[in-house]
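*Asks:* Those sequence lines, one after another, are chains A and B. The first sequence begins at -9 in the numbering used here and counts up by one. The second sequence begins at -9 in the numbering used here and counts up by one.
Any given hint could be a false lead.
Intra- or inter-copy, both count: the list cannot distinguish identical chains.
Unchecked claim - Within a straight-line C-alpha distance of at most 30 Å, the following computed BS3-like cross-link-like pairs (lysine-lysine) qualify:
| id | residue 1 | residue 2 |
| --- | --- | --- |
| 1 | Lys22 | Lys125 |
| 2 | Lys216 | Lys125 |
| 3 | Lys216 | Lys22 |
| 4 | Lys125 | Lys167 |
| 5 | Lys167 | Lys216 |
Please keep in mind that the hints were generated in silico from the structure rather than gathered at the bench. Just so we're clear, the structure is a prediction, and the values are computed from it rather than from any experiment.
There are 2 protein chains.
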Amino acid sequence: MDQHLPQSAIGILDSGVGGLTVAREVFRQLPKERVLYFGDTLRCPYGPRTPQEVRQFTLEIVHFLSRLPLKALVIACNTATAAALQEAREQFSIPVLGVIEPGARAAIKVSRRGRIGVIGTQGTIHSAAYEQALKRIDSELFVFSHACPTLVPLVESGNGHSEEARRIVHNALAPLKAHRLDSLILGCTHYPLITEAIGEVVGEETTLISSAEETARELSTVLHHKGLLADGRRFPTGDHHFFISGQPASFRRIAETWLGRPLEVEQVSLQSIINQSRTVG
Amino acid sequence: MDQHLPQSAIGILDSGVGGLTVAREVFRQLPKERVLYFGDTLRCPYGPRTPQEVRQFTLEIVHFLSRLPLKALVIACNTATAAALQEAREQFSIPVLGVIEPGARAAIKVSRRGRIGVIGTQGTIHSAAYEQALKRIDSELFVFSHACPTLVPLVESGNGHSEEARRIVHNALAPLKAHRLDSLILGCTHYPLITEAIGEVVGEETTLISSAEETARELSTVLHHKGLLADGRRFPTGDHHFFISGQPASFRRIAETWLGRPLEVEQVSLQSIINQSRTVG
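Bound-form chain A, shown alone:
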């Protein structure tokens, strides 16, 4: 039995709003759990930044969250997972999950012919973190990775269902078509919001893997095996807490639309987080 308690919260860390797709899946698949979310909205997006910057930003937030009563932490951003998961695990005594390995394992589960595609930000694809996670389990898999820098701006524009959106998605995914993939990992937490358009381009033979859904599933597995699942009744939906580093207005608008409910959003000073982190680190 761990020293951490089943009634403690789950921390979810993201560069901004993308990790809300992971939070939404945690609310749905683990409705008894309490969530503390951190969105680094002042410094997002992480996708085009250098790995060194992303690593530093992520570890600063990990340090801030490590002072809260958490029983598990999810790095709900593929770019941050690729850059800092290993170090976050070393610095934190609780289980730390990224979004890359759950997607990799789910793709292996559904891929009968072992032909797996990965789409993500430039940072995620350039890190080759999915390819490594997949080949770590089965070195004979065929993996085709492709960066789609146009898709995050599309999702955040809120016009993901327009005719123009379909054209952007079609162009972004065109290079996948020649590879007869049997699964495609949506290796960015924004992408579940345009699943329909992506599915239309890749066709029914290719199963789409949402790293958000799969990460919530693995969080459930890990909490169970550690004896850390919350008990009792469903946690009141309005009582989860959202920290952000930027202005609340825009985050609140997107988040309340995606999650369909009013949220408790608190802005925290990034400078104080950075100072705290430097004092110790």
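Since the structure of chain A is already known, use the hints to place chain B on it.
*Replies:* Frame of chain A, contents of chain B only:
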């Protein structure tokens, strides 16, 4: 880091041949891992036995397997999981996985309306183990459990694809139709072999969950988080080892058909296993 080693084997325990669907998924999803399988073919089926008998038989085999160099154990039989998982976990220092919780978590993941069906042997359904595992995570789920005692004999007859088989499956599943389920857990390791017939009866709106597939996926997750995934190349497919308590001929025939390859099968004396277990227990 665990005291057990990544190069150690995975133990898979079953009442007979049903757990081979789990073994097949472990070979597919974790091709670098070595498997030691135990099929209690002399005493199968476990489904119609009392929980006390199933518990005793399962713990005898757990005791036998605990002397082998294993890094994880899978109880690949729903009836045995329901009767003895908790005690097996207490007696063994390595991770012990059952087939019930992975199926429950997968059903929660895919069920958007929270209406989940479970089919299994009389022992599994009577234990209410799936209902408990599901409601432990979300007490507001609707769960409809239904025993299907005619399906295991059908699968073992080898005539699972005949017209008569379709009629048997149709009759067995008729009570499910009124419940508008959005997922159905195949809560017996035999059932993945008649997935097609089951799918025809329940229709496309109901996603079928194979506890064999989901258990292999969770084994991958647990080994990863314990630092116990095997490294290197694929394990040679002919080198897995199968222990059975009955005569090899019939097991070998079914197993080589299901797995599509020749197997190394070794009969062990059940009496010596029971004696060993009593000496210590």
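*Asks:* Each hint needs a verdict: does it hold in this structure or not?
*Replies:* So, going through the hints one by one against the coordinates:
1. In this assembly of identical chains, the alpha carbons of Lys22 and Lys125 lie at most 30 Å apart only when taken from different copies (11 Å versus 35 Å within one copy).
2. Proximity of Lys216 and Lys125 under a CA criterion of 30 Å is satisfied in both settings, with 27 Å inside one chain copy and 18 Å between copies.
3. Within a single copy, Lys216 and Lys22 get their C-alpha atoms as close as 16 Å, and across copies as close as 25 Å, so both meet the 30 Å cut-off.
4. Only within a single protomer do Lys125 and Lys167 lie at most 30 Å apart by alpha-carbon distance; the minimum there is 22 Å, versus 42 Å between protomers.
5. In the homo-oligomer, the alpha carbons of Lys167 and Lys216 never lie at most 30 Å apart, since the shortest distance is 42 Å inside one protomer and 37 Å across protomers.
Checked against the numbered hints above, the structure breaks only hint 5 and satisfies the rest.
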